[in-house]
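Participant: Sequence:
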Amino acid sequence: MRLKLWALGALVLAGCGGREAHPVATTQSVDPLLTCAHIAAEFGNNQKRVAELAGERSERNRDNVGLLLFSPLFLDLSQSERKEAEAIAARNQRLLELATAKSCDVRQEIAAALAPPPATAGAAK
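Residue numbering for the sequence shown follows this note's numbering, beginning at 1 and increasing consecutively.
Any given hint could turn out to be false.
As the list claims (entries may be wrong) - FRET-style restraints, in silico, Cβ to Cβ: (1) Ala54 / Pro32: 28 to 38 Å; (2) Ala111 / Val24: 12 to 22 Å; (3) Thr27 / Met1: 30 to 40 Å; (4) Val24 / Arg2: 43 to 53 Å; (5) Ala90 / His38: 27 to 37 Å; (6) Met1 / Thr26: 42 to 52 Å; (7) Ala115 / Gln28: 21 to 31 Å; (8) Arg49 / Met1: 17 to 27 Å; (9) Glu97 / Ala51: 20 to 30 Å; (10) Asp105 / Arg49: 19 to 29 Å; (11) Gln108 / Arg49: 12 to 22 Å; (12) Arg2 / Ala113: 52 to 62 Å; (13) Gln79 / Ser103: 29 to 39 Å; (14) Met1 / Asp31: 55 to 65 Å.
Source of the hints: derived by calculation from the structure; they are not laboratory data. Bear in mind the structure is a predicted one, so any value in this text is a computation, not a measurement. We treat Cβ as the ideally placed atom computed from N, Cα and C, and that holds for glycine.
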């Protein structure tokens, strides 16, 4: 009985290790109503959120190293930051489509942010 209680407690505590992902929807009902200014503002907010997620990811990785040594039950293995960043990239792709359709000036900025980083000379080998 005592072993079952410990096992149940461990399972409950294991769920406390990370946070749930809250990805943004790629397409939203207000998309047809967005002006170029709205598209630019949303893209700017998305870029800030991606930077925040990168900070969360590095902090989570640092915390996981310490928790691995002391209490592996609290490890955050959810990768919620990655899921949210992927959803933001998909939303930015949709914003690029909207900006292109409306001939917005921000489309070049969005396209540059979505472009893969250039390959380095040493990586081509």
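Participant: Of all the hints numbered above, which does this structure not satisfy? Sort the numbers upward.
Facilitator: The structure breaks hints 3, 5, 8; every other hint is satisfied.
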